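> If you read the sequence shown in our numbering, its first letter stands for residue 1, the second for the next number, and so on.
Keep in mind the hints are simulated off the structure, nothing from the lab. Here the structure is a predicted model, which means the values were calculated and not measured. Just to be clear, a hint being listed does not mean it is correct.
Computed list of lysine-lysine pairs in BS3-like fashion (alpha-carbon distance at most 25 Å, straight line) [stated by the list, open to error]:
#: 1; residue 1: Lys79; residue 2: Lys142
#: 2; residue 1: Lys342; residue 2: Lys360
#: 3; residue 1: Lys351; residue 2: Lys142
#: 4; residue 1: Lys240; residue 2: Lys459
#: 5; residue 1: Lys459; residue 2: Lys382
#: 6; residue 1: Lys459; residue 2: Lys490
#: 7; residue 1: Lys422; residue 2: Lys141
#: 8; residue 1: Lys240; residue 2: Lys312
#: 9; residue 1: Lys351; residue 2: Lys320
#: 10; residue 1: Lys397; residue 2: Lys139
#: 11; residue 1: Lys485; residue 2: Lys308
#: 12; residue 1: Lys422; residue 2: Lys382
#: 13; residue 1: Lys79; residue 2: Lys236
#: 14; residue 1: Lys382; residue 2: Lys342
#: 15; residue 1: Lys236; residue 2: Lys342
#: 16; residue 1: Lys490; residue 2: Lys132
#: 17; residue 1: Lys141; residue 2: Lys485
#: 18; residue 1: Lys422; residue 2: Lys236
#: 19; residue 1: Lys360; residue 2: Lys397
#: 20; residue 1: Lys142; residue 2: Lys490
#: 21; residue 1: Lys422; residue 2: Lys312
#: 22; residue 1: Lys382; residue 2: Lys351
#: 23; residue 1: Lys142; residue 2: Lys132
#: 24; residue 1: Lys312; residue 2: Lys397
#: 25; residue 1: Lys459; residue 2: Lys139
#: 26; residue 1: Lys142; residue 2: Lys360
#: 27; residue 1: Lys422; residue 2: Lys139
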Amino acid sequence: MASVEQHVEEEILQAPSRASATNGGIPVENPATGEIVATVPDLGAEAVAEMAARGRAAQPEWEAYGFDGRARVLVRAQKWLMDNAERVVETIVSETGKTYEDAQLAEIGYAGNAFGFWAKMGAEYLADERVKSSQVLVKGKKLLLRYRPLGLIGVIGPWNYPLTNSFGDCIPALMAGNSVILKPSEITPLTSMLLAEGLRECGLPENVLQIATGRGETGAALVEHVDMIMFTGSTKTGRKVAEEAAKRLIPASLELGGKDPMLVLSDADLERAANFATYYSMQNAGQTCISIERVYVEEPVYDEFVAKVSEKVRALRVGKPEGYGSVEVGAITFPPQLETIKDHVADAVQKGARVLTGGKQVPGAGRFFEPTVIVDVDHTMKCMTEETFGPTLPIMKVHDADEAVRLANNSHYGLGASVFSKDTARGEAIARRLDAGAANVNDAMINYTVLELPMGGAKASGLGSRHGAGGIRKYCSQQAIVVTKLAMKKEPFMYPYKARTSRMLAGLFKFMYGRGKRD
C-alpha cells in the first residue's frame, strides 16, 4: 500500500495546525492483516477551532458560485472518482478489510451516483418556492420560501462505510453552499482524505472542505464550532451528540443503530428469500446499519428456508481480500466489534440456540468471524434484540404474519425492514405495519440506493434523514420573504383605530372564517 502511505504523508504535511495535534498521530491498521498502513494526525480542540474559522471565511465565496458553479465542481468530482476508482477501492480495502466487491458496489457505486444526483437535483430541491395564502391581509403580495445554507456543517462519519456514510454526507452539504468539516472515524480516515484531495483537484476552493482526523475528543470539539452536525454511528454516541447540539441550539441529524428484521411469509419465493437473507446479512461482513440482523419465518416454510440459507452461508469464503472474486466475507473492521459478535453468539448458545454453521472467530492474522446461522432463537437473546453488526443470521420460527410483525416491532430500533411474499399487495400491507424508516417488499437494503427517497430511522435509530429533498434542505435554514407591490402610504388597520374600520374587519373575519358547520 505504498500509494496510500504516500498520500497520507502528503496530507499530514498539509494538515492544519500540526502544533495543535495530540499524541503524535493515529496509526491506521489494515484489519485483514494487522499491518499499520499509515498514520494520521490526532487533531485537538485548538486545531478544530482554527479549521472552523477558515471554513467560515471560505464559505461566502463558495456560496457565490451559485448552483451551476457548485454543480460543475461536483460533476468534475464524479469523473475524478471514476478515473481513480481503483485507487479509491484499494484505499477503502486497506483500512476496512472489506472485499473489493463491497467497496466497488456499495461505496464507489453510491458516491458516483451521489455526485451526479446532487449536482442535478440541488437547485431543484432548494429553489425559491412561491407560496399562496388564504390570509386576506397579504392579498396582492409576493410570498416566497427561500432556502439558504446554514454556513459551516460538521459531519462525523462511521468506520464501516468511509466513502458512502462518511464522505457521502458532505456532498449535499457542499451543494447547498456550505463549508464542511468532516471528522471521519479514526479507524478509517484515509478514504476521506483521498476524496478531499480529489475535490481540490476538481476546483473546490481551499478550506471549503476540511478533514479533521482524530478521536472522540475531536468530534466533541467539532460540535462546539459548527452550525449543524450530521452524525452516523451508535445510538449511545448519537444521544451524546444530540445533547451537545441541543445545548448550542444547533440542528442535528442522526443515523444510528439498527436491528433490521426480515419477514418470510409462507407464500414467499424461498429461493429468492434465501439468497437475499444470505447476501444482505453477510455483505460487508454484516457491518451495515441496515443489514438483515434477524429473520422471522412462518412455520410451514421454516425448515426449507433454514436449509437453503444454511447451505448458502456454509459455502461463503471468508478471509483477506486478494482482489475481485477472492472472498465473499471480509474482515471485522473495528476491534471491539469482534468481541460483541462473539458475545452475542455465546449468549444465544448459552440460552438454548443452535449454531448450524460458523460461530467462531477465524484463527490467524487479521480479524475475521465465520459466517454464522443461528436457530432456536428468541427475544431473550442478545442476537435478536441488540445490534450485532457482524456476519451472523439468527432465524426464528413464527406461527403467522401477525406474530412476525409483533416481534419485528418489539425493538428499540426502527431503521429498515423487509417482507417476502409472492402476494405483493399483502407484502406491502404488512410493510406498512412495520415500525421502520424504510421497508422493502421482496427486496432488502435497495432503498438506500434510491436517492430520491428519504433514508432515516424511527425510534432509537435516529433523527432526520438523508437523501430526497430533506437530505439537502436539512443543511439550510428557511427564510420567508414577503414583497409588497401595491404599496399604500398606510394600511387600513393601522393607527389611529376607528370603530367603523374595526367593525368592518370583524365582519370580514366572520364572513371568511365563521361559516363552518358545527358537529
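> Each of the hints needs a verdict: does it hold here or not?
Evaluation of the provided hints:
1. Pair hint Lys79 plus Lys142 does not hold up; C-alpha atoms about 41 Å apart against a cutoff of 25 Å.
2. In summary, the hint linking Lys342 to Lys360 is supported, as the alpha carbons are separated by about 7 Å, within the 25 Å threshold.
3. Restraint check for Lys351 and Lys142: the C-alpha separation of about 67 Å exceeds 25 Å, so the hint is violated.
4. At most 25 Å may separate the alpha-carbon atoms for a hinted pair to count; Lys240 and Lys459 meet this at roughly 16 Å.
5. A C-alpha spacing of about 19 Å is found between Lys459 and Lys382, which places the hinted pair at or below 25 Å, so the restraint holds.
6. Proposed proximity of Lys459 and Lys490 is contradicted: the alpha carbons are some 51 Å apart, above 25 Å.
7. Taken as a hint, the Lys422 and Lys141 pair is broken in the structure, with Cα atoms around 54 Å apart against an allowance of 25 Å.
8. For a cut-off of 25 Å, the pair hint linking Lys240 to Lys312 is broken: about 40 Å separates their Cα positions.
9. Simply put, Lys351 and Lys320 have alpha-carbon atoms about 32 Å apart, too far for the 25 Å limit, and the pair is violated.
10. Only pairs whose Cα atoms come within 25 Å are accepted, and Lys397 paired with Lys139 is rejected, the gap being roughly 62 Å.
11. A distance of roughly 71 Å separates the Cα atoms of Lys485 and Lys308; the hinted pair therefore is violated under the 25 Å criterion.
12. Under the criterion of a C-alpha separation no larger than 25 Å, the hint pairing Lys422 with Lys382 is inconsistent with the structure, at around 31 Å.
13. Distance restraint check for Lys79 and Lys236: the Cα-Cα separation of roughly 38 Å exceeds the 25 Å cut-off, and the hinted pair is therefore not satisfied.
14. Taking the CA atoms of Lys382 and Lys342, the gap is near 11 Å; set against the 25 Å cutoff, the hint holds.
15. Taken as a hint, the Lys236 and Lys342 pair is honoured in the structure, with Cα atoms around 20 Å apart against an allowance of 25 Å.
16. The straight-line distance between the Cα atoms of Lys490 and Lys132 is roughly 23 Å, inside the 25 Å bound, and the hint therefore holds.
17. As the CA atoms of Lys141 and Lys485 are separated by approximately 6 Å, the hinted pair is consistent with the 25 Å bound.
18. The hinted pair formed by Lys422 and Lys236 fails the criterion: a straight-line CA distance of about 38 Å is larger than 25 Å.
19. Between the alpha carbons of Lys360 and Lys397 the distance comes to roughly 24 Å, so the proposed pair stays at or under 25 Å and holds.
20. A threshold of 25 Å between alpha carbons decides the hint, and for Lys142 with Lys490 the separation of about 18 Å falls inside it, so the pair holds.
21. Taking the CA atoms of Lys422 and Lys312, the gap is near 22 Å; set against the 25 Å cutoff, the hint holds.
22. Distance check on the hinted pair: Lys382 and Lys351 sit about 10 Å apart at the alpha-carbon level, within 25 Å; holds.
23. Taking the CA atoms of Lys142 and Lys132, the gap is near 9 Å; set against the 25 Å cutoff, the hint holds.
24. Pair hint Lys312 plus Lys397 holds up; C-alpha atoms about 19 Å apart against a cutoff of 25 Å.
25. Annotation: proposed proximity of Lys459 to Lys139 is violated, straight-line Cα distance about 42 Å (limit 25 Å).
26. Straight-line distance between C-alpha atoms of Lys142 and Lys360 comes to about 67 Å, which puts the hinted pair past the 25 Å bound.
27. For the suggested pair Lys422 and Lys139, the alpha carbons sit about 54 Å apart, so the restraint of at most 25 Å is broken.
Hints 1, 3, 6, 7, 8, 9, 10, 11, 12, 13, 18, 25, 26, 27 from the earlier list are contradicted by this structure; the remaining hints agree with it.
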